[in-house]
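Novice: For reference, the chains in residue letters:
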Amino acid sequence: MMANEDSREVVLRLNQQQLELVDQTVGRTEAGDRADLFLQALQEFHSENSS
Amino acid sequence: MTERTLLYEHVMEPATGKAVELLAGQVLRIEQVGVGGQCADFNCFNLHDYKEHFHTGRTRHMHGMHPTTGDFLWSAPPRDRPIAAIVADTVRTNDVLYPRCSGLLFEYQFGAAVHTNCHDIQAEAQREYGLTSDDVHDSFNFFMHTGVDQSGHPFIADNRAKQGDYVEIFALIDLLAVPNVCGADIMATSNFELKPLRIAIYEGLPEDLAQFEGRPERGPFVNQRTTAALAARPIKADRELYRDDSYVPNFVNYPISITQVSISLNPEQQAMLDELVATGEYGSTDADVLRYVFFSWWISRFMQGPKHLDQLASD
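If you're matching them up, the sequences are chains B and X in order. According to my numbering, the first sequence is numbered sequentially starting from 1. According to my numbering, the second sequence is numbered sequentially starting from 52.
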């Protein structure tokens, strides 16, 4: 996905074990790629934990 | 339930313990006699490989500080598997937080250098099978009523077991089971009085095993390792430690490498992240918080077993 001027980039530093878990999860969910999965997590976590 | 067939029984007098062979499929009952209120410390080992033994830490991790009916007794890593299970518990005040009492505790805390204590009682009972005092491990403390206060300190409360109360332990592998009458008579553990305990071994019933078949903890997992999978298989037989000049490190997944992953947030997603950052609960930078959020979310969605995340306690 191309970033536009309204977007903000967050750069995560993940090790090979964490990435393996991320990639396995992409494969077992509807997420299209790593970024989609992180955004799904953000959406759902925020929904459950925001005041 | 069909009545179990009694195979063996014995009354452990105060200051004693008993090592018994408890084969897979058999049930060990530990029962209060007399006035009750007696703590029973417990060790167990794989009957065919004593290096595999019960582990309070993994049991506490999986089932909390007070395991009861339906919970497993786990062996220590690298074996890391359920080796027994609790199939009955009429009191439900067990403990896997406190270590066994020892001679030192009574000497240091009470000035009693020679006193009954669970370590030495266990060691003497285990000696019947060739084990030594160094082989005694942290105990499962049946009927021991404990808690943790608001400052994080553990405490011992009154023992609530009454005459006839019992726990039953179902063996998932062949075990050497070693219960003992806790020797602490000047601590609250057994209401300041030593009493006997009856132990009995019964033939297990199909419904006993049925409770635990299919439980995911039982695996098999590659990390429930057998002796064949261990890097150093021979049991070290001398006490001195000395360097192996042929040693070459072989750590798992070493070296750890880092990859940068870029996530693009639209304004709505930015607002969500900003709100979470502002709480101060999940980290201080956008990246720290998004990583915390992701793995916490993953744990809540996909992880098996206890989740150990405070904010997920109500899930």
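Worth flagging that the hints you see were computed from the coordinates, not collected in a lab. You may find that some hints are simply not true.
What the hints assert, rightly or not - Some chain X residues close to chain B (C-beta under 10 Å, calculated; not the full set):
(1) 98
(2) 155
(3) 156
(4) 297
(5) 299
(6) 300
(7) 301
(8) 302
(9) 311
(10) 313
(11) 315
(12) 333
(13) 342
(14) 345
(15) 355
(16) 359
Said to hold, decoys possible - Residues from chain B that face chain X, not an exhaustive set, calculated with beta carbons under 7 Å:
(17) 5
(18) 12
(19) 13
(20) 14
(21) 24
(22) 26
(23) 27
(24) 41
(25) 45
(26) 50
We put the beta carbon where it would ideally sit given N, CA and C, even for glycine.
Novice: All hints, please: hold or fail.
Specialist: Here's how the hints hold up against the structure:
Proximity of residue 98(X) to chain B is violated relative to the hint, the smallest CB-CB distance being about 36 Å (cut-off 10 Å). Because the beta carbon of residue 155(X) sits about 41 Å from the nearest beta carbon in chain B, more than 10 Å, this interface hint is broken. This hint is violated: residue 156(X) has a C-beta 42 Å from the nearest C-beta of chain B, more than the 10 Å allowed. For residue 297(X), the interface hint is violated, the least distance from its beta-carbon to any beta-carbon of chain B being 29 Å, above 10 Å.
This hint is violated: residue 299(X) has a C-beta 22 Å from the nearest C-beta of chain B, more than the 10 Å allowed. The interface hint given for residue 300(X) is broken, as the beta carbon of that residue sits about 18 Å from the closest beta carbon of chain B, more than 10 Å. A distance limit of 10 Å between C-beta atoms decides the matter here; for residue 301(X) the minimum to chain B is near 17 Å, and the interface restraint is violated. With 10 Å as the threshold, the beta carbon of residue 302(X) stays out of range of chain B, its nearest partner Cβ sitting at about 13 Å, so the hint is violated.
The beta carbon of residue 311(X) comes within 5 Å of a beta carbon in chain B, closer than 10 Å, and the hint placing it at the interface holds. A hinted interface residue such as residue 313(X) counts as satisfied when its beta carbon comes closer than 10 Å to some beta carbon of chain B; here the least separation is about 5 Å, so the hint holds. Against a cut-off of 10 Å between C-beta atoms, the interface hint on residue 315(X) holds, since the closest Cβ of chain B lies about 5 Å away. With 10 Å as the threshold, the beta carbon of residue 333(X) comes within range of chain B, its nearest partner Cβ sitting at about 9 Å, so the hint holds.
A cut of 10 Å between beta carbons decides the hint on residue 342(X): the least distance to chain B is about 6 Å, and the hint holds. This hint holds: residue 345(X) has a C-beta 5 Å from the nearest C-beta of chain B, less than the 10 Å allowed. Hint status for residue 355(X) relative to chain B: violated, with the closest Cβ pair at about 14 Å, above 10 Å. Contact between residue 359(X) and chain B, as hinted, is not supported at the beta carbon level, the nearest pair being about 17 Å apart and thus beyond 10 Å.
Look at residue 5(B): its Cβ only gets to about 11 Å from chain X, farther than 7 Å, so that hint breaks. Contact between residue 12(B) and chain X, as hinted, is supported at the beta carbon level, the nearest pair being about 5 Å apart and thus within 7 Å. A distance limit of 7 Å between C-beta atoms decides the matter here; for residue 13(B) the minimum to chain X is near 5 Å, and the interface restraint holds. Evaluation of the residue 14(B) hint against chain X yields a held restraint, the C-beta minimum of about 6 Å falling below 7 Å.
A cut of 7 Å between beta carbons decides the hint on residue 24(B): the least distance to chain X is about 10 Å, and the hint is violated. Taking 7 Å as the C-beta contact cut-off toward chain X, the hint placing residue 26(B) at the interface is violated, the least distance being around 12 Å. For residue 27(B), the suggested interface contact is broken, since its CB lies about 12 Å from the closest CB of chain X, more than 7 Å. For residue 41(B), the suggested interface contact is upheld, since its CB lies about 4 Å from the closest CB of chain X, less than 7 Å.
Look at residue 45(B): its Cβ gets to within about 5 Å of chain X, closer than 7 Å, so that hint holds up. Interface restraint check for residue 50(B): the shortest CB-CB distance to chain X comes to about 6 Å, inside 7 Å, so the restraint holds.
Consistency with the previously given hints fails for numbers 1, 2, 3, 4, 5, 6, 7, 8, 15, 16, 17, 21, 22 and 23, ordered from lowest to highest.
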